[in-house]
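*Asks:* In case you want the letters, here they are:
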Amino acid sequence: MPKGNSKDKSYKPILPGTSDWPVVQLSKNRKQFIAKVIEESLVKIKDANPGRQELREELESTLYQEKLRIKQNPWRVDPQDDYKFWEQVKNSLVELATEHEAREKEEDILRKVVSRYAHEIAGNFKKTRYQLTREMVKFGFARLLNATRVKRFGAFFRNEYTLRDKIQITGKAKQLRRLARKGTVVMVPTHFSNLDSILIGWIIHVLGLPAFIYGAGLNLFNIKIFAYFMNSLGAYKVDRRKKNFIYLETLKSYSNLAIQEGAHSLFFPGGTRSRSGEIESSLKLGLLGTAMEAQRSIYMKYPNGEGKKIFIVPVTINYNFVLEAPSLIHEHLERQGAEKYYVESDEYSTSYNMIKFLIKFFTKGSDISVSIGRGMDLLGNYVDDEGNSIDRHGRFINTRDYFTSNGLINADKQREEEYTRRLSQIIVKEYHKINRVFASHLVAFTAFKMWRKQYNKLDLYDFLRLPDEDMVINYDEFKTQFKKARKQVFKLKKQNKVNVAAHLKGSIDDVIRLGIDNVGMYHSKRPLLTDKAGNIITKDLNTLYYYHNRMNGYDLEKYI
Amino acid sequence: MTSKSTSKKPVGVIGAGSFGSAIANILAEKSEVLLYARDSNTVKKIAENKENRGHKLHTNVTPTGDLSYLANSCDVIFPIVPSSAFRSMMQQLSPYLHPYHILIHGTKGLDISLPPGETIDSAPFLTRENIRTMSEVIMDESVVIRVGCLAGPNLAKEMAANHPAATVVASHYKEVIREGEKLLRNDRFQVYGNSDLIGIELAGVLKNIIAIASGALSGLGLGENAKGLLISRGMVEMIHLGKAMGGDVEAFVGLAGIGDLVTTCNSTLSRNFTVGHRLAKGETLDEILADMEEVAEGVNTVRIAKKFIDTAKLRAPITEALHEVLFEGLTVDKALQLLMRYPYNVDIDFL
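Chains Y and A are the protein sequences, given in the same order. Position 493 (the first sequence) corresponds to 493 in full-length UniProt numbering; numbering is contiguous. Position 285 (the second sequence) corresponds to 285 in full-length UniProt numbering; numbering is contiguous.
Derived from the structure by calculation, the hints contain no laboratory data. A portion of the hints provided could be inaccurate.
[What the hints assert, rightly or not] Here are the simulated DSSO-like cross-link-like pairs (lysine-lysine), alpha carbons at most 27 Å apart as the crow flies:
id: 1; chain 1: Y; residue 1: LYS532; chain 2: Y; residue 2: LYS453
id: 2; chain 1: Y; residue 1: LYS453; chain 2: A; residue 2: LYS9
id: 3; chain 1: A; residue 1: LYS9; chain 2: Y; residue 2: LYS413
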């Protein structure tokens with residue numbers, strides 16, 4: 001496994017010209033594709049609502065929810081005619097009020113709604129814009145890096161440092177490239193920060209892969225600079241405010257058909273950024289289910305086996321610092337126990353803040369690492385470099401057989417839901433395996449657990465309210481505990497249950513130093529510091545809790 | 001469309017014990033059945049006489065000693081072998097299995113999976129991960145994930161005699177339940193579906209503990225009050241343990257739980273009941289096991305459950321008392337005194 005030296009490698013694009021990219025094909029035929037999405041969604045929605053009144057009820061509840069959304073939670077990106085459109089829907093439904101047999105008219109209204117959704121969701125990939133953005137990002141980042149690091153006249157135009165110095169790519173990069181040639185890749189990364197989408201976009205480019213399509217939160221389009229990036233990558237829009245069945249079905253049809261067309265896709269299966277700082281422990285099954293459905297449809301369409309195979313590739317992104325940590329953990333603590341409605345707050349709410357962060361990020365030395373997991377088929381079986389599924393005993397498996405019943409491939413919704421649930425559990429396990437432990441994660445974990453143990457009679461909320469001044473750990477005591485935790489991490493690494501960053505192996509004092517210096521380094525209130533006497537202190541227990549959560553799920557607390 | 005194509009393929013049954021044979025007979029009313037027996041003499045005998053263990057086998061039942069032939073011929077297979085032989089059977093079968101296979105097992109026992117070199121006696125503790133239900137063994141050892149189980153009051157001897165009965169087919173997959181229903185259901189055999197696979201497996205497994213206890217009570221010549229006490233407290237204990245091992249309460253109050261418990265606790269036809277009965281009459285476990293024709297799963301289950309109770313720091317008085325009787329030389333009389341002194345106070349605390 002490459003250890004941080006991935007920057008020496010350079011990857012050639014796996015497809016020579018961008019015009020061969022599936023996503024380019026998709027945008028070329030955008031109109032037909034959207035039409036297909038609309039038809040597919042209509043069939044599904046109608047099938048799910050066969051009863052006499054059902055379709056009307058579905059439309060009415062959608063109308064109600066949409067009007068509520070427009071009133072209570074409007075966004076800058078919302079189209080001007082939003083209100084008008086739903087007024088029209090309302091009027092059409094009112095007209096039907098006296099009619100009992102109006103299925104046809106209801107279906108007409110449905111078509112209008114679905115078509116509006118499909119157009120809203122559909123991405124607008126522009127090849128030229130993609131290339132331009134790519135160059136801009138590369139150029140801009142490189143200038144920033146060199147200007148600030150090499151303090152010499154003319155350094156601004158040098159190329160000594162590149163993004164590759166800041167961001168390490170480890171794991172199965174080569175296999176990912178091969179799989180992208182063999183079949184269709186669905187990448188499923190962990191999600192901690194809004195930066196993730198840009199980062200992954202860049203990784204995909206560095207690895208020489210064609211652009212992926214991915215569902216980006218519509219809220220990100222509120223911010224102009226993000227909107228530009230997103231539109232130029234293969235992003236399609238996901239509006240998390242819309243939870244009605246019609247919208248969700250349209251969204252799923254879009255993803256399903258795009259995967260069937262061979263467009264590599266990216267989901268953040270956790271749904272939103274991890275609020276607690278923990279690695280995702282349960283995943284949203286909706287979009288993941290579309291990959292399952294797409295695979296089965298491909299097998300049905302190509303009974304002779306020439307259809308493309310879909311590969312799931314889990315990815316973890318490891319940060320020392322997550323800009324949004326203080327507000328994420330705040331939301332997490334507030335919401336725990338009840339999934340309340342909340343209005344999302346974004347640190348990157350303006351382009352200015354975003355740029356300020358980027359400058360901070362590039363001028364100070366905080367590294368990011370991206371671990372690429374081994375590819376799997378849709379049932380969670382590992383695949384080899386040729387894309388063959390392999391079972392635990394090293395025997396080949398024909399993935400097609402999972403969708404076969406009595407010798408025929410058939411659609412079975414309940415079966416596929418169960419498969420999707422199973423897949424999600426396997427992905428979560430895989431995240432924990434490929435997660436790369438940084439010194440900063442482990443110092444945060446150790447310190448938090450030590451303090452927590454001191455006050456174990458208090459519940460979590462009372463504990464977090466303790467004054468920061470009371471929190472001091474003697475350095476030597478800390479060192480002893482940290483050593484134990486690190487030893488256990490290495491043991492887990494040997495058992496292949498986690499991965500570790502190379503810097504974790506240094507002398508214990510160095511590693512602790514590095515960890516404390518890096519954990520949440522740009523927060524105005526640092527989660528961990530050392531005082532003059534060398535003891536460990538905190539300025540913000542909440543964010544410390546956040547960074548500590550990253551190491552949950554490994555049973556390390558037993559050793560501290 | 002499905003029913004047409006299955007009727008062409010035979011259904012497989014692995015294990016020609018009395019329950020395996022009884023299931024093969026029920027399946028044979030609708031389909032061709034391939035019945036696997038490990039012992040070549042048994043295969044020969046069945047082929048010649050259409051008879052096994054004194055019971056007639058349906059003409060549609062064909063015996064075989066070849067697992068690869070069975071796996072290649074059948075899409076749906078019912079493995080019904082004792083839990084102690086289940087994993088090794090799966091290891092032999094596994095190379096011939098594909099993801100299109102459906103496996104519905106009928107084994108009410110547990111397997112343990114420990115690090116190499118450890119045994120149940122030497123291991124310091126036994127966590128849930130170390131305990132494997134049969135469906136988990138199937139998925140550990142093969143690529144098959146469409147797995148189900150049979151549970152419920154299915155006394156093999158009564159089934160062989162064609163008395164009315166019912167079974168639960170449990171699986172996470174509706175198609176497995178549908179398939180099980182289609183293959184098994186007839187005028188004298190009712191089939192219910194349940195989606196809590198683990199819960200249903202555990203209900204069938206843990207019931208055997210109480211069945212031994214019930215046999216012991218009857219061996220002491222005690223009456224119906226005592227039995228009522230045992231069944232209801234036994235139920236509470238099953239649910240307590242079952243929940244700790246990942247089953248839902250609902251599984252235990254249905255056919256596979258209460259239904260099976262009441263049947264087994266009243267029946268001298270049950271092997272586990274017989275073990276308890278003979279223990280109470282003063283025989284030792286070794287003597288009893290030496291002349292039993294087929295495995296009483298409950299004995300092994302008590303051993304596993306006891307270790308799990310100790311590890312998880314739970315209390316399960318009936319299981320603990322039985323463990324002392326079976327493996328630590330306590331007499332049934334003493335165990336009963338111990339139980340009667342146990343400070344129960346709440347009747348029901350699981351609903």
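*Asks:* It remains to establish, for every hint, whether it holds in the given structure.
*Replies:* Hints, one by one, checked against the model:
no.	hint	result
1	LYS532/Y x LYS453/Y	24 Å, holds
2	LYS453/Y x LYS9/A	62 Å, violated
3	LYS9/A x LYS413/Y	25 Å, holds
Hint violations for this structure: number 2 only, all remaining hints satisfied.
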